[in-house]
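> Produce the entire structure from the sequences given, and follow the hints as far as they go.
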Amino acid sequence: MGTAIAFYFISACILGFAVLVITTKETVHSVLFLVLDFLFVAALYVLLGAQFLAAIQILVYAGGIVVLYLFVVMLVNLKRPPEAHSDPRRKTKLGFGLAAAVLAELGAVAAYASKVPARPIVPAAVVPGITGNTEVVGWMLYTSYLIPFEIASMLLLVAMIGAIVLAKREL
Amino acid sequence: MEITPTHYMLLSAALFIIGVVGVMVRRNIIIIFMSIELILNAVNINLIAYSAQQQNAVGQVFAIFVIAVAAAEAAVGLGIILAFYRNKETINIDEMNLMRW
Amino acid sequence: MIDTLLIPFLKILIVLNATLVAVTYMVLLERKVIAWAQSRLGPMRVGPYGILQPVADAIKLMLKEDITPVRADKWVFTAAPIISMVPALIVYAVIPFGPTVSLFGRQVTLYITDINVGLLYIVSVASVGVYGIILAGYASNSKFPLLASLRASAQLISYEVCVTLSLVSIILMSGSLSMVSIVRAQESQGLWYMFVQPFAFGIFIIGSLAETNRAPFDMPEAEQELTGGFHTEYSGMRFALFFLAEYANMIVVSSVATTLFLGGWLRPFPGVAALSFLDFVPSWTWFLIKSFVFLYVFIWIRATLPRYRYDQLMRLGWKVLIPLAIINLVVTGIVKVLIS
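Residue numbers (this note's numbering), protein chains in the order written: chain A, -17 to 153; chain B, 9 to 109; chain C, 2 to 341.
None of these hints come from the bench; they were simulated from the model. Treat the hints with caution; some may be incorrect.
[As the list claims (entries may be wrong)] Restricting the straight-line Cα-Cα distance to at most 27 Å, the calculated cross-link-like pairs of lysine-lysine (DSS-like) are:
| # | chain 1 | residue 1 | chain 2 | residue 2 |
| --- | --- | --- | --- | --- |
| 1 | B | K96 | A | K7 |
| 2 | C | K75 | C | K61 |
| 3 | A | K7 | A | K75 |
| 4 | C | K75 | C | K65 |
| 5 | C | K75 | A | K150 |
| 6 | C | K61 | C | K33 |
| 7 | B | K96 | A | K73 |
| 8 | C | K144 | A | K7 |
| 9 | B | K96 | C | K144 |
| 10 | A | K7 | C | K12 |
| 11 | A | K150 | C | K144 |
| 12 | A | K150 | B | K96 |
| 13 | C | K144 | C | K65 |
| 14 | C | K65 | C | K33 |
| 15 | A | K73 | A | K7 |
| 16 | C | K144 | C | K75 |
[Stated by the list, open to error] Under 7 Å between C-beta atoms, here's a sample of chain B residues computed to sit facing chain A:
| # | residue |
| --- | --- |
| 17 | L19 |
| 18 | G30 |
| 19 | I44 |
| 20 | A65 |
Even for Gly, the Cβ is constructed at its ideal location relative to N, Cα and C.
Shown next as structure tokens:
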């Protein structure tokens, strides 16, 4: 019962702030709504028992990526509003229509999935004697998924170098 | 009322669509990037919901990779925006048409 | 009902009130200690030995005119000091002041809660605290605060990296992210982590000085630089909130350093039986004494050291502390594998 109330409240906030993100005219307000959105998504992760990921969501997403966005918004201070003139070739209504169609299709898939009983999925190798969310995630990350982990760190290194090269004034 | 993964999937679908609408409708490129982050978060919610249902931490491991990729993409994307802004003084995506016919 | 609702509520009430009173008296403590370091007496007029000075300061700031700049973003302008203050206060939810004691016939834990990702929670909440500074500069709608806030937030996010890396060494040593488990690990080891991980301790202290915008890293908010930094346009109670947020951050950093490096509520050398005569001091008193030592050291450093220039500051964070923290982490990992 409490879980249901929490879920509906958090979902309402997530969707509400997401709509505010894409509709606000002022860019800084949009970024702030995005931060709030991410904080509520982290709350949803806690509700799902993924505490480590909730902390990582706040640390990386809300505290790192969105700060980066805020920096760029402030460095890009324009004299005229950014959406002043619109391209006449842009078909906005078609975009809305397509989005509604995809939403209907996803909803149909979800409804179908809820009726068909899920095939029992064979769980991956049970981690020997490790309890606790962080420990299990860490174990899997460093044993079964070690290679993707190393590739992800290479990706972050390359992205870091790329971002520095792109944003420097003189090279 | 029991909260099943279907609820989370519908929430994830709705957030995904809001992100897609943001990408398609808005012309400010920073808002477009933020809508892409919304899309990635929708995917993460789905992954973690199913990870909780199956009691298997693979979903969370994958979500960590998604977050890492999102961070890398945000950094490079914002670098590109800054470089473009220094040349053309605009962040309206309709005016970023240097390579258009 | 009582256990799940009333007792945590009472704990929160006590901790918050104590924190806010401590934060206000930090102002007086700082002025006094800096004064003594400079061979003078500090505030002496209001109350005996200046004890009531914070009350006078509070009344003055509350009665000041509340100016909002023209064309400033009203909501963001008001929210920025709040965003600065809240993360400093909610960190106290996971800091353990002592183990389980029996109080009025029930077993009461001397911490509000113990979540299994406590240390990560503290780091993530601290990273959200950057927003207050960025938004304060932006919302003031004026050149100097904007530049100062961008500098200050760049400093903060740079030093977040080395602080988090030094904390990972502690996690390696204790094997757990929960704050209570870290203290218990120090208890079972018989030695505070300060002696086992001196480099991590040093990096944490220097990084936290930079994180809380304290001297010698207080370039973004010093009066001589950029006309007052990111809180130039703030006056009255909002300005007070920024200052209180800085002191609250300082107290939080002292509490976290006490828990992680100085053994939290443990007496010195908990493994040495010869010193067990010190056990008459209650656990939370040890905690308060150690936190107070840290606060005193922070104020002492402010009174003594000259200010770092901004590029020297960034060079220190990126080119010195981060490699040192990484090397510390690697060496800790290697030693731990070799020992076990």
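> Please name the hints from earlier in the document that this structure breaks, with their numbers sorted from lowest to highest.
5, 10 and 19
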